[in-house]
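Put chain Z on the given structure of chain Y with help from the hints.
There are 2 protein chains.
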Amino acid sequence: MDLQNELMKRTAMFNTYWQQYLQIKKPATLYEAARHLPFAGGKRIRPFLTTVACESVSGDAQKALPFAAGLELMHNFTLVHDDIMDHSMLRRNLPTVHVKFGEPAAILSGDLLFAKSFEAILGTSVDFSMFKQLQQDFIDCVIAICEGQQLDIEFEQRKTVPEQEYLDMISKKTGALFELSSKGGGLIGGGNPQEVAALQTYGMALGLAFQIWDDYLDMSSTATTLGKDIGNDIRNGKKTLIAVHCLSHATGKEKRLLDDIFGNRSASEHDVTKVYDLFRELGSVEYAQQRALHYVNQAKDAITVLKPSDAKELLHQLIDYIIQREK
Amino acid sequence: MDLQNELMKRTAMFNTYWQQYLQIKKPATLYEAARHLPFAGGKRIRPFLTTVACESVSGDAQKALPFAAGLELMHNFTLVHDDIMDHSMLRRNLPTVHVKFGEPAAILSGDLLFAKSFEAILGTSVDFSMFKQLQQDFIDCVIAICEGQQLDIEFEQRKTVPEQEYLDMISKKTGALFELSSKGGGLIGGGNPQEVAALQTYGMALGLAFQIWDDYLDMSSTATTLGKDIGNDIRNGKKTLIAVHCLSHATGKEKRLLDDIFGNRSASEHDVTKVYDLFRELGSVEYAQQRALHYVNQAKDAITVLKPSDAKELLHQLIDYIIQREK
Chain Y
1 MDLQNELMKR TAMFNTYWQQ YLQIKKPATL YEAARHLPFA GGKRIRPFLT
51 TVACESVSGD AQKALPFAAG LELMHNFTLV HDDIMDHSML RRNLPTVHVK
101 FGEPAAILSG DLLFAKSFEA ILGTSVDFSM FKQLQQDFID CVIAICEGQQ
151 LDIEFEQRKT VPEQEYLDMI SKKTGALFEL SSKGGGLIGG GNPQEVAALQ
201 TYGMALGLAF QIWDDYLDMS STATTLGKDI GNDIRNGKKT LIAVHCLSHA
251 TGKEKRLLDD IFGNRSASEH DVTKVYDLFR ELGSVEYAQQ RALHYVNQAK
301 DAITVLKPSD AKELLHQLID YIIQREK
Chain Z
328 MDLQNELMKR TAMFNTYWQQ YLQIKKPATL YEAARHLPFA GGKRIRPFLT
378 TVACESVSGD AQKALPFAAG LELMHNFTLV HDDIMDHSML RRNLPTVHVK
428 FGEPAAILSG DLLFAKSFEA ILGTSVDFSM FKQLQQDFID CVIAICEGQQ
478 LDIEFEQRKT VPEQEYLDMI SKKTGALFEL SSKGGGLIGG GNPQEVAALQ
528 TYGMALGLAF QIWDDYLDMS STATTLGKDI GNDIRNGKKT LIAVHCLSHA
578 TGKEKRLLDD IFGNRSASEH DVTKVYDLFR ELGSVEYAQQ RALHYVNQAK
628 DAITVLKPSD AKELLHQLID YIIQREK
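Each protein sequence line maps, in turn, to chains Y and Z.
The end of the first sequence is residue 327 by the working numbering, with every number in the run present.
The end of the second sequence is residue 654 by the working numbering, with every number in the run present.
Chain Y extracted, bound-state conformation (with noise of 0.2 angstroms):
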């Protein structure tokens, strides 16, 4: 199996079968609000770790569709509202829905689209106690999300945040999500409590893997000059790994610079690349590299139980895909 041409393919069965859950009515405003970021492109990472683990237990991928769409609308809805709050002005190189459509419509649209995660997942063909541990995991999964999200924010606020923290969070803001996709496909296609744990540890490590390896990619670039982004999140004291680690292992001088510059939104470019240097010079960038790394074999060890197939082959290739891609 070739985990691109998986992804392409199944990318577009997807694509085609959510847009039933994002058709236009009226106010047009609303509808085109929500439409947006779905149609705007994006990977389809989860709805293609859902279809492909409920094929791990030897489940038809089919089943899991609208359980994977419901995720996906989820997934969209928690990024409208997350912009908001970011005040970000950019997602998959277009306008947010915020800025092109304002505030209260963004705000609406996501709602719309939560709705409409719920419609997804009530045409999920199980019976109701399979239904009811559905809704549930993914109530408690929206619910973690929106933890992770206050706690992401608070986290700007602190001067340091113990390292079990900030997994803490991202485990609420990333994994909880890729922990569901993947179970959720587990549960749909009949996988014993083994398997579906297996799956579930999964996910988990895959989210932490893919988050941890977002904040590495972004502070590894070899550019001269950096990005905006990174200065922004230098200005803002955003708690990355990177930061995280850096922020603990800084003493005398160092300590004193990440005082004056990580979290001042007035540091000068000159200030910020000192910051940026200093990640380096700690080992915080490459430390956060070997913890991805780490959670990486804790995916691969996790589903060591599930038989051989096409789709297990496939799951393994996800790993090594999340860490090496680039933004």
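Wrong hints could be hidden among the right ones.
What the hints assert, rightly or not - Result set (BS3-like, lysine-lysine): computed pairs, CA atoms no more than 30 angstroms apart in a straight line:
id, chain 1, residue 1, chain 2, residue 2
1, Y, K238, Y, K63
2, Y, K100, Z, K427
3, Z, K486, Y, K26
4, Z, K627, Z, K639
5, Z, K486, Y, K100
6, Y, K100, Z, K565
7, Y, K25, Z, K486
8, Y, K132, Z, K352
9, Z, K427, Y, K159
10, Z, K427, Y, K238
Note that these hints are calculated values from the structure, not bench results.
All of these numbers come straight from a predicted model, not from anything done at the bench.
Just chain Z now, kept in the frame of chain Y:
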């Protein structure tokens, strides 16, 4: 049956019940923001309606509590988000959630209440087929509320709005939730199709009467100075039924007065009073009162098919309560 007594009794029972969905967890700020409005009081008319509608078809009110909790959680979520969009500073005599906790926590706590509303309805003891209908109705109701809020916002930018479009807007923004509160109680109580349809019609008519009476109360004040809200509504060009009627009946000088002042954010107190007076002179205030009474009668007619019971008597009293209450 005494309505006030029943309202108090059932509100107390309901408040005890739905607190299970409002427990404090971490991060505390998120949960405190989510609890702010639910614990700020409120008459709980919608949950009251759900339990009474359930009893009116010989159902057990206890069985309707989870769905009633879902509706009230959802109602509170829409209020939190609406207050952000409308820049409202006060609700139930307290600072709004975004004023007290900041906008990010307000958006997130609304999302959290929305997620919890689905957890609540998942607890309804019905078979899968009935559950699917209840959840789909619930989703359609949220979507209607989002559409209604978007229309309400868009109306402020328009010079005139036909009465039919105004009615469509409030049937979504306010009517849909009353409709489902009543219909849902009937479904859970095991009502036959004719009874459920009657309760549905009753709920919508009650909701329309409620909203139009609200507009009427605002404008029928006999105080010599205008309240701040009335002045703001006139300056913002808010399309209440009174404004809609007045805009479509004004001619000549009256029309020019409205053109100049209605929707003019810098209009003087003196000018605003002229519009307020015009609302009465053209019979728009009286018209709104009559339309509210029309829906009151529609609600009364709808439930003639229900068997006589204490609950039916309460549904009758609730209609009169809606148009007797002071704000």
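Hints, one by one, checked against the model:
1. Y/K238 with Y/K63: violated (40 angstroms)
2. Y/K100 with Z/K427: Satisfied, since the Cα-Cα distance of roughly 28 angstroms is no more than 30 angstroms.
3. Z/K486 with Y/K26: Holds - the C-alpha atoms of Y/K26 and Z/K486 are around 20 angstroms apart, at most 30 angstroms.
4. Z/K627 with Z/K639: Given that 30 angstroms is the threshold and the Cα spacing comes to 10 angstroms, the pair holds.
5. Z/K486 with Y/K100: Judged against 30 angstroms, a Cα distance of about 24 angstroms means the pair holds.
6. Y/K100 with Z/K565: holds (24 angstroms)
7. Y/K25 with Z/K486: Holds, at about 23 angstroms.
8. Y/K132 with Z/K352: Judged against 30 angstroms, a Cα distance of about 23 angstroms means the pair holds.
9. Z/K427 with Y/K159: At roughly 24 angstroms apart (the allowed maximum being 30 angstroms), Y/K159 and Z/K427 satisfy the hint.
10. Z/K427 with Y/K238: OK: Z/K427 and Y/K238 at ~24 angstroms, within 30 angstroms.
Checked against the numbered hints listed earlier, the structure breaks hint 1 alone; every other hint is satisfied.
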